[in-house]
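Put chain Y on the given structure of chain D with help from the hints.
So the protein sequences, as listed, match chains D and Y.
The number in the working numbering is simply the position in the first sequence, starting from 1, with 8 added.
The number in the working numbering is simply the position in the second sequence, starting from 1, with 8 added.
Do not rely on the hints blindly, as some may be mistaken.
Copies of the same chain are indistinguishable here, so a pair counts whether it falls within one copy or spans any two.
Stated by the list, open to error - Result set (EDC-like, lysine to aspartate or glutamate): computed pairs, CA atoms no more than 20 Å apart in a straight line:
hint	residue 1	residue 2
1	Lys-10	Asp-94
2	Lys-123	Glu-140
3	Lys-123	Asp-187
4	Lys-10	Glu-97
5	Lys-30	Asp-94
6	Lys-30	Asp-87
7	Lys-42	Asp-147
8	Lys-42	Asp-67
9	Lys-123	Asp-67
10	Lys-30	Glu-210
11	Lys-123	Asp-147
12	Lys-30	Glu-166
13	Lys-123	Glu-35
14	Lys-10	Glu-35
15	Lys-123	Asp-33
16	Lys-10	Asp-67
17	Lys-30	Asp-161
18	Lys-123	Asp-196
19	Lys-10	Asp-173
20	Lys-10	Asp-196
21	Lys-42	Glu-210
22	Lys-42	Glu-109
Everything labelled a hint here was simulated from the structure, so no lab data went into it.
2 protein chains.
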Amino acid sequence: MKLYDGAWAPSPRRVRMFLAEKRIDVERVVVDLKHGEHLRPDYAGINAQRQLPALLLDDGTLIDDSIAICRYFEALHPDPPLFGADPREIGLIEAWLRRIEHDCFQAVVLGFRNKVSVFAGRAVSGQWPPIEQIPALVDRGRCMWEAFAAVLDAHLAERRHIAGDLFTMADIAALVAIDFGVATRLPDPRDRHAALARWHAEVSARPSAAA
Amino acid sequence: MKLYDGAWAPSPRRVRMFLAEKRIDVERVVVDLKHGEHLRPDYAGINAQRQLPALLLDDGTLIDDSIAICRYFEALHPDPPLFGADPREIGLIEAWLRRIEHDCFQAVVLGFRNKVSVFAGRAVSGQWPPIEQIPALVDRGRCMWEAFAAVLDAHLAERRHIAGDLFTMADIAALVAIDFGVATRLPDPRDRHAALARWHAEVSARPSAAA
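Same shape as in the complex, but just chain D:
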């Protein structure tokens, strides 16, 4: 099996952090996102969506989504569980994963893809006909970013990690989304939200955060 990986981008980082927490080693092929290697025919022949990460299994199956790759490895190597150990945890973690994706990560993507000139005509991630940027979405994304930070801060004021005591995939997804938002120059939520800042420092200190 081979993991197609890329530097700096948020989705590949989710998988690297998950694998580091699980202490799983996988053969990696690093695709050069900065120079557009993921858009060239060699990689498009492997992943028609031209996105990273992607996991190619030995039988030729391609799993082309970051959270899906993590769920594949969770099923292969259940310990330590990062998607929950019982039905209640499994449900709560999934609810947070979907909320982090919609309310935070996609809010960051809205601002980024509708602003940066390299995404002109490619304003939505994935393979699409030309989709023009809509500058008004930058403000919408920022509004969602700030509102989500307040929600997450209030939530973390009452618990150590997003799903309770234990570190889970929800922490990985939120850390990656927040770090990506700050890297795209959204206001740093740690400046106004003490519980979020405490959580961020603790989660960032895990060795996996540097994977």
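Just chain Y, lined up with the frame of chain D:
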């Protein structure tokens, strides 16, 4: 436990169809979406996000997301498996679920929430500060809708269901998204895509589709 349910809306329908496939009975409380009962203090006190569906467990835990509710019940009642029975299936189904959500369901929501006057100032689902509608998003949503239909049609030309032979949660999510898109007057993809139309007829004929 209690399931807060609502008529006509897509997210509650995902859960009803899943529970019907599993033959699971749950006590239901129907909240009247059409008359805004989900926005009133009684329901807001149960679910601060004021969305449906939501599952209230006996210990007071609230699971406030449709797919998360289904994963909770999948963990309690694994048979028949609708999120996959082995690591490869689990990965492929999750990749499709995330793609259906992002590329199809959210495309429908873009058109709907940025067009219909009842959503003025509430253009993103969930609880937010006022978010204005952006009419240009209606065209973006339609472009994504048509492109996704072509992708799904090509995929279904080579297999019976989205994840292969077996019916899974990916079929539920796609059916619900497509039926919701057609209900919001997006072009019916069955008119141009024969494999998608064959799959849609087969999946719609399952008793669970009427749940």
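Hint check:
1. Proximity of Lys-10 and Asp-94 under a CA criterion of 20 Å is satisfied inter-copy only: 19 Å between copies versus 30 Å inside one chain copy.
2. In this assembly of identical chains, Lys-123 and Glu-140 lie within 20 Å of each other by CA distance both inside one copy and across copies; the values are 11 Å within and 19 Å between.
3. In this assembly of identical chains, Lys-123 and Asp-187 lie within 20 Å of each other by CA distance solely inside one copy; the values are 18 Å within and 33 Å between copies.
4. Taking the shortest Cα distances, Lys-10 and Glu-97 sit within 20 Å of each other only across copies (18 Å), while inside one copy they are farther apart (30 Å).
5. Both within a single protomer and between protomers do Lys-30 and Asp-94 lie at most 20 Å apart by alpha-carbon distance, with minima of 18 Å and 19 Å respectively.
6. In the homo-oligomer, the alpha carbons of Lys-30 and Asp-87 lie at most 20 Å apart inside one protomer (7 Å), although the nearest pairing across protomers, at 28 Å, exceeds that limit.
7. Proximity of Lys-42 to Asp-147 under the C-alpha cut-off of 20 Å is found in neither arrangement, the shortest distances being 26 Å within a copy and 30 Å between copies.
8. Taking the shortest alpha-carbon separations for Lys-42 and Asp-67, neither the intra-copy value of 30 Å nor the inter-copy value of 49 Å comes in at or below 20 Å.
9. Taking CA atoms no more than 20 Å apart as the test, Lys-123 paired with Asp-67 passes in neither setting, with 40 Å inside one copy and 45 Å between copies.
10. For the identical chains of this complex, Lys-30 and Glu-210 are intra-copy neighbours only, at 18 Å inside a copy versus 40 Å across copies, given an alpha-carbon limit of 20 Å.
11. Taking identical chains as interchangeable, the C-alpha atoms of Lys-123 and Asp-147 lie at most 20 Å apart whether they share a chain (10 Å) or sit on different chains (19 Å).
12. Proximity of Lys-30 to Glu-166 under the C-alpha cut-off of 20 Å is found in neither arrangement, the shortest distances being 27 Å within a copy and 35 Å between copies.
13. Taking identical chains as interchangeable, the C-alpha atoms of Lys-123 and Glu-35 are never at most 20 Å apart, the minima being 35 Å within one chain and 47 Å between chains.
14. With identical chains, the CA atoms of Lys-10 and Glu-35 are at most 20 Å apart within one copy only, with a shortest distance of 5 Å there and 46 Å across copies.
15. In the homo-oligomer, the alpha carbons of Lys-123 and Asp-33 never lie at most 20 Å apart, since the shortest distance is 37 Å inside one protomer and 48 Å across protomers.
16. When the C-alpha separation of Lys-10 and Asp-67 is checked against a cutoff of 20 Å, the pair qualifies only within one copy, where the shortest distance is 11 Å, while the shortest distance between copies is 43 Å.
17. In this assembly of identical chains, the alpha carbons of Lys-30 and Asp-161 never lie at most 20 Å apart, being 27 Å within a copy and 37 Å across copies at closest.
18. For the identical chains of this complex, Lys-123 and Asp-196 are intra-copy neighbours only, at 19 Å inside a copy versus 32 Å across copies, given an alpha-carbon limit of 20 Å.
19. In this assembly of identical chains, Lys-10 and Asp-173 lie within 20 Å of each other by CA distance neither inside one copy nor across copies; the values are 33 Å within and 26 Å between.
20. For the identical chains of this complex, Lys-10 and Asp-196 are neighbours neither inside a copy (35 Å) nor across copies (39 Å), given an alpha-carbon limit of 20 Å.
21. Taking the shortest Cα distances, Lys-42 and Glu-210 never come within 20 Å of each other, neither inside one copy (30 Å) nor across copies (44 Å).
22. Taking identical chains as interchangeable, the C-alpha atoms of Lys-42 and Glu-109 are never at most 20 Å apart, the minima being 23 Å within one chain and 27 Å between chains.
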